[in-house]
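There are 2 protein chains.
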Amino acid sequence: MPSPSESSFIGIELSGSKLSGATVDSNGQIEKRAETSVNGGGLVAQIAAMVADLKAGDENIGGVGIAIPGLVNRQSDRVIASSFLPSTVSNNLHADLTEATGLRVELENDANAAAYGEYVVGAGRGSRDMFYITIGQGIGGAIVLDGKLWTGSSGFAGEVGHITIDTEGAECLCGNRGCLETVASAPNIVRRANERLNRDSTSSLSRLALNKDFTADDMAREATEGDDFALMMLERTGKYIGTGVASVINLLNIERIVLGGGVMQAREIILNPVIQEAKRRAFQPCFEATEIMAASLGPDAATIGAALLARDAS
Amino acid sequence: MPSPSESSFIGIELSGSKLSGATVDSNGQIEKRAETSVNGGGLVAQIAAMVADLKAGDENIGGVGIAIPGLVNRQSDRVIASSFLPSTVSNNLHADLTEATGLRVELENDANAAAYGEYVVGAGRGSRDMFYITIGQGIGGAIVLDGKLWTGSSGFAGEVGHITIDTEGAECLCGNRGCLETVASAPNIVRRANERLNRDSTSSLSRLALNKDFTADDMAREATEGDDFALMMLERTGKYIGTGVASVINLLNIERIVLGGGVMQAREIILNPVIQEAKRRAFQPCFEATEIMAASLGPDAATIGAALLARDAS
Numbered sequence: 000m001p002s003p004s005e006s007s008f009i010g011i012e013l014s015g016s017k018l019s020g021a022t023v024d025s026n027g028q029i030e031k032r033a034e035t036s037v038n039g040g041g042l043v044a045q046i047a048a049m050v051a052d053l054k055a056g057d058e059n060i061g062g063v064g065i066a067i068p069g070l071v072n073r074q075s076d077r078v079i080a081s082s083f084l085p086s087t088v089s090n091n092l093h094a095d096l097t098e099a100t101g102l103r104v105e106l107e108n109d110a111n112a113a114a115y116g117e118y119v120v121g122a123g124r125g126s127r128d129m130f131y132i133t134i135g136q137g138i139g140g141a142i143v144l145d146g147k148l149w150t151g152s153s154g155f156a157g158e159v160g161h162i163t164i165d166t167e168g169a170e171c172l173c174g175n176r177g178c179l180e181t182v183a184s185a186p187n188i189v190r191r192a193n194e195r196l197n198r199d200s201t202s203s204l205s206r207l208a209l210n211k212d213f214t215a216d217d218m219a220r221e222a223t224e225g226d227d228f229a230l231m232m233l234e235r236t237g238k239y240i241g242t243g244v245a246s247v248i249n250l251l252n253i254e255r256i257v258l259g260g261g262v263m264q265a266r267e268i269i270l271n272p273v274i275q276e277a278k279r280r281a282f283q284p285c286f287e288a289t290e291i292m293a294a295s296l297g298p299d300a301a302t303i304g305a306a307l308l309a310r311d312a313s
Numbered sequence: 000m001p002s003p004s005e006s007s008f009i010g011i012e013l014s015g016s017k018l019s020g021a022t023v024d025s026n027g028q029i030e031k032r033a034e035t036s037v038n039g040g041g042l043v044a045q046i047a048a049m050v051a052d053l054k055a056g057d058e059n060i061g062g063v064g065i066a067i068p069g070l071v072n073r074q075s076d077r078v079i080a081s082s083f084l085p086s087t088v089s090n091n092l093h094a095d096l097t098e099a100t101g102l103r104v105e106l107e108n109d110a111n112a113a114a115y116g117e118y119v120v121g122a123g124r125g126s127r128d129m130f131y132i133t134i135g136q137g138i139g140g141a142i143v144l145d146g147k148l149w150t151g152s153s154g155f156a157g158e159v160g161h162i163t164i165d166t167e168g169a170e171c172l173c174g175n176r177g178c179l180e181t182v183a184s185a186p187n188i189v190r191r192a193n194e195r196l197n198r199d200s201t202s203s204l205s206r207l208a209l210n211k212d213f214t215a216d217d218m219a220r221e222a223t224e225g226d227d228f229a230l231m232m233l234e235r236t237g238k239y240i241g242t243g244v245a246s247v248i249n250l251l252n253i254e255r256i257v258l259g260g261g262v263m264q265a266r267e268i269i270l271n272p273v274i275q276e277a278k279r280r281a282f283q284p285c286f287e288a289t290e291i292m293a294a295s296l297g298p299d300a301a302t303i304g305a306a307l308l309a310r311d312a313s
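These protein sequences, in sequence, are chains A and B.
Here numbering that gives the first Met the number 0 is used: the first residue of the first sequence is 0, the next is one more, and so on.
Here numbering that gives the first Met the number 0 is used: the first residue of the second sequence is 0, the next is one more, and so on.
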């Protein structure tokens, strides 16, 4: 059996509609990619086929890591809850994948996997402790302490999207009110922008007013191109995120905070107000002990992280 | 030199106006107590005198732990900031105390020391990971992970009183707006009660309306004796604290949360709404993985914890 440093590892990310996979060398570099749509049929068979495809011609695959949108308990290798997976699939996912792939399998929550990727080979590199925040369809997070994912007593730590920033705020899908996610996730940025466009005639100068079905990605692009309304909306979003970041800083006095996910395509347009608001709200000595930066692995973070979790599993 | 299990340790808590000390055996039981007012003169000399007093007749004192209201960096043994200590005292506190007492000295933030005491011999006993919240003049907190205080990259982790629960809330002493502390610390509970008494004539039936200078302790006592207004105000306070607790649960998925400090003298009157609100706001699987309970060491927590930190310092 080859040593881990000679082996490669497969990482696969399951999102709502697709599987993205890659072979990753022991230094976290992608060697080969694969992508397919989830066809609604046998998910286990689709993952096994992708593993076989990625493995073809490479005898030194040391294991496979799968990043899943849902709550995963790694002690028990159980998927506890996932809105994307029917329980008939999730209940036996680890055992079924181990059998179907013939490899050691690690399951992990997608935000945790992405955090681990950023920590080892991305924007978290060189820090001891890191908090990762991913801002996309939802807002997720994960904690790395002293080189290891710190996932809490049952594997769910890091849910920064559901800390309350406004006691009487809007209802969240999670049942709470005023979660960070209710104002700063991609769909909620779009909702806030549409509400503003509907009630404020000056914002009709925005190019976004010409497009009935704009997305958060469209807003990021328009903001980058100088659209004042899109800029203002994203700056406000950054302030909300900064409020959550300040709470993370005060609670954890953490060395580094890395922000990833699709919304971070707007880069400095979001990052600068995040940093400003965190500075305004956090304890000064805690703020000064924290570096806040944008993620560097882009959409590969979870795939790379899942492969590295397979590398580092004991 | 006797082994730690035969030694006793001295714990001393410095609060604004007094020094409370105790000799604590290696099992965390108090053997002997001392208390004195801080006289504004030499703090180091006063602490050394208390240590000498507690040490008298006991040859087996293994070290002394000092709990301080302020930010302490234990890696460097430095007091970084304390509103109670002039910098002329705090800058050399560790070296001066080591010299003056002739013992190994551990300095720690008071909430961290109290958390450690509760973790080892109080309400945290038996848990692996614990979050401690102390509600008194301010709201502090501390994190114990896997048996050790987790104090963050520079020693300041756990500042749950300064997480934002209301983006546009009242200004806090820390410079932020809408911190948990702005509604739920002892002085702010009294402030909210006075505001309500001034504007709402029905509340004038409360016995608190007869006392111009009531304290949070008075409110806790009246609530315990059935005063409807005091009960309502403390229940609301519990809800605010529960909002912060829910954020801690979602961020850390922590096994146990222990609530201490003077305001918890009202026990279930506060604790029950804390638990209800945390249940309402936190992710269900995270909430179900958490035990929320009242501290059990009362005002001795920081003294005992400081002594145990001296016991366990390597």
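One or more hints might be untrue.
[What the hints assert, rightly or not] Just a sample of chain B residues kept apart from chain A, beta carbon distances all over 12 Å, derived: (1) 14; (2) 47; (3) 93; (4) 197; (5) 225; (6) 261; (7) 293.
[Stated by the list, open to error] Calculated pairs, BS3-like style, for lysine-lysine (alpha carbon to alpha carbon, straight line, at most 30 Å): (8) 238/A - 278/A; (9) 31/B - 147/B; (10) 147/A - 238/B; (11) 17/A - 147/A; (12) 147/B - 17/B; (13) 54/B - 238/B; (14) 278/A - 147/B; (15) 17/B - 211/B; (16) 147/A - 31/A; (17) 147/A - 278/A; (18) 31/B - 238/A; (19) 147/A - 31/B; (20) 278/B - 238/A; (21) 211/A - 238/A; (22) 278/A - 238/B; (23) 17/B - 31/B; (24) 54/A - 31/A; (25) 147/A - 54/A.
The set of hints was computed from the structure by calculation and includes no laboratory data.
Computed from a predicted model, the values in this text were never measured in an experiment.
Yeah, the Cβ is synthetic: ideal placement off N, Cα and C, and Gly gets one too.
Hints and how they fare:
no.: 1; hint: 14; in the structure: holds, 21 Å
no.: 2; hint: 47; in the structure: holds, 29 Å
no.: 3; hint: 93; in the structure: holds, 18 Å
no.: 4; hint: 197; in the structure: holds, 23 Å
no.: 5; hint: 225; in the structure: holds, 28 Å
no.: 6; hint: 261; in the structure: holds, 22 Å
no.: 7; hint: 293; in the structure: holds, 20 Å
no.: 8; hint: 238/A - 278/A; in the structure: holds, 11 Å
no.: 9; hint: 31/B - 147/B; in the structure: holds, 26 Å
no.: 10; hint: 147/A - 238/B; in the structure: violated, 34 Å
no.: 11; hint: 17/A - 147/A; in the structure: holds, 28 Å
no.: 12; hint: 147/B - 17/B; in the structure: holds, 28 Å
no.: 13; hint: 54/B - 238/B; in the structure: violated, 45 Å
no.: 14; hint: 278/A - 147/B; in the structure: holds, 29 Å
no.: 15; hint: 17/B - 211/B; in the structure: holds, 26 Å
no.: 16; hint: 147/A - 31/A; in the structure: holds, 26 Å
no.: 17; hint: 147/A - 278/A; in the structure: holds, 27 Å
no.: 18; hint: 31/B - 238/A; in the structure: violated, 52 Å
no.: 19; hint: 147/A - 31/B; in the structure: violated, 42 Å
no.: 20; hint: 278/B - 238/A; in the structure: holds, 28 Å
no.: 21; hint: 211/A - 238/A; in the structure: holds, 26 Å
no.: 22; hint: 278/A - 238/B; in the structure: holds, 28 Å
no.: 23; hint: 17/B - 31/B; in the structure: holds, 17 Å
no.: 24; hint: 54/A - 31/A; in the structure: holds, 10 Å
no.: 25; hint: 147/A - 54/A; in the structure: holds, 27 Å
Checked against the numbered hints given earlier, this structure breaks hints 10, 13, 18 and 19; the rest are met.
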